[in-house]
Amino acid sequence: EDKVVQSPLSLVVHEGDTVTLNCSYEVTNFRSLLWYKQEKKAPTFLFMLTSSGIEKKSGRLSSILDKKELFSILNITATQTGDSAVYLCAVPPVMDTGRRALTFGSGTRLQVQP
Amino acid sequence: GAGVSQSPSNKVTEKGKDVELRCDPISGHTALYWYRQSLGQGLEFLIYFQGNSAPDKSGLPSDRFSAERTGGSVSTLTIQRTQQEDSAVYLCASSLAGRGPYEQYFGPGTRLTVT
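From first to last, the protein sequence lines are chains A and B.
Position in the first sequence counted from 1, then plus 86, gives you the numbering used here.
Position in the second sequence counted from 1, then plus 21, gives you the numbering used here.
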């Protein structure tokens, strides 16, 4: 069974700080890893990572994957109060199993204080 | 275009009552997923539809839970004889067929509270 573990579970920082969120995984036939941002209820897609060592970047957010050590990190620089959310890491199943659901970690709750 | 929509946004019900939650996927998305998220927990998969059929129901927690999808579009998740442990946010997601399971677009969710 696929397993995704995120740390820390929660984090409180001040505006302007840089944060690093961690996601480790144990999956059969790894294909990709996804990061979502969840504010209130609906998760919104941030990144999909498939190749080790290649950083994905979007504004102040960036993410990188280490397939050898089986983890990914999500970095947020110069944090703003609008970054406050739960950040979810997920892996998709192997396609030939018939399963289609993502396996999610429990998330990291980030709170950015002014 | 319109995203995934869900209704109601909030539902409070008494223990033992039945509830129906509705999901309207993005037009043209043939794959539809239901997840639930209990307080402080990650997303838990419930059921996946491809068209009107459900090839993966492995996440439904008990036979009190059922779901259907009609016309390859709207889906309804029904919880019979609700229990307090059913309280959670129920999220629906959809994706285009053939693009893998990972580009899923989520609806705003329904927050279910069972008293």
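Hints listed in this document are in silico derivations from the structure and should not be mistaken for laboratory results.
No residue lacks a Cβ here, since even glycine has one placed at the ideal position from N, Cα and C.
Among the clues, some could well be false.
[What the hints assert, rightly or not] The calculated DSSO-like cross-link candidates involving lysine-lysine, where the alpha carbons are at most 27 Å apart (straight line), are: (1) K143/A to K38/B; (2) K78/B to K127/A; (3) K127/A to K32/B; (4) K153/A to K127/A; (5) K142/A to K126/A.
[As the list claims (entries may be wrong)] Here are a few chain B residues that sit away from chain A, every Cβ distance over 10 Å (derived from the structure): (6) V33; (7) T34; (8) E41; (9) I47; (10) H50; (11) G80; (12) S87; (13) E89; (14) T99; (15) Q105; (16) Q125; (17) G128; (18) V135.
Status of the hints after comparison with the structure:
1. Straight-line distance between C-alpha atoms of K143/A and K38/B comes to about 47 Å, which puts the hinted pair past the 27 Å bound.
2. Under the criterion of a C-alpha separation no larger than 27 Å, the hint pairing K78/B with K127/A is consistent with the structure, at around 23 Å.
3. As the CA atoms of K127/A and K32/B are separated by approximately 14 Å, the hinted pair is consistent with the 27 Å bound.
4. Distance restraint check for K153/A and K127/A: the Cα-Cα separation of roughly 30 Å exceeds the 27 Å cut-off, and the hinted pair is therefore not satisfied.
5. Simply put, K142/A and K126/A have alpha-carbon atoms about 25 Å apart, close enough for the 27 Å limit, and the pair holds.
6. No beta-carbon of chain A comes within 10 Å of the beta-carbon of V33/B; the shortest separation is about 16 Å.
7. Residue-level check passed: T34/B sits 18 Å from the nearest beta carbon of chain A, beyond 10 Å.
8. Listed as outside the interface, E41/B is consistent with that label: its C-beta sits roughly 18 Å from the nearest C-beta of chain A, beyond the 10 Å cut-off.
9. Even its closest Cβ contact with chain A, about 13 Å, leaves I47/B beyond 10 Å, as expected for a residue assigned away from the interface.
10. With a least beta-carbon separation of about 13 Å from chain A, H50/B lies farther than 10 Å from that chain, consistent with its non-interface assignment.
11. Listed as outside the interface, G80/B is inconsistent with that label: its C-beta sits roughly 7 Å from the nearest C-beta of chain A, within the 10 Å cut-off.
12. Every Cβ of chain A is farther than 10 Å from the Cβ of S87/B; the closest lies at roughly 17 Å, confirming the non-interface assignment.
13. At roughly 17 Å, the least C-beta separation between E89/B and chain A is larger than 10 Å, which holds for a residue marked as non-interface.
14. The claim that T99/B lies off the interface holds: its Cβ sits roughly 19 Å from the closest Cβ of chain A, which is beyond the 10 Å cut-off.
15. The claim that Q105/B lies off the interface holds: its Cβ sits roughly 20 Å from the closest Cβ of chain A, which is beyond the 10 Å cut-off.
16. With a least beta-carbon separation of about 7 Å from chain A, Q125/B fails to lie farther than 10 Å from that chain, contradicting its non-interface assignment.
17. With a least CB separation of 6 Å from chain A, G128/B falls inside the 10 Å interface cut-off, contrary to its annotation.
18. The beta carbon of V135/B sits about 18 Å from the closest Cβ of chain A, which is more than 10 Å, so the claim that it is off the interface holds.
Consistency with the previously given hints fails for numbers 1, 4, 11, 16, 17, ordered from lowest to highest.
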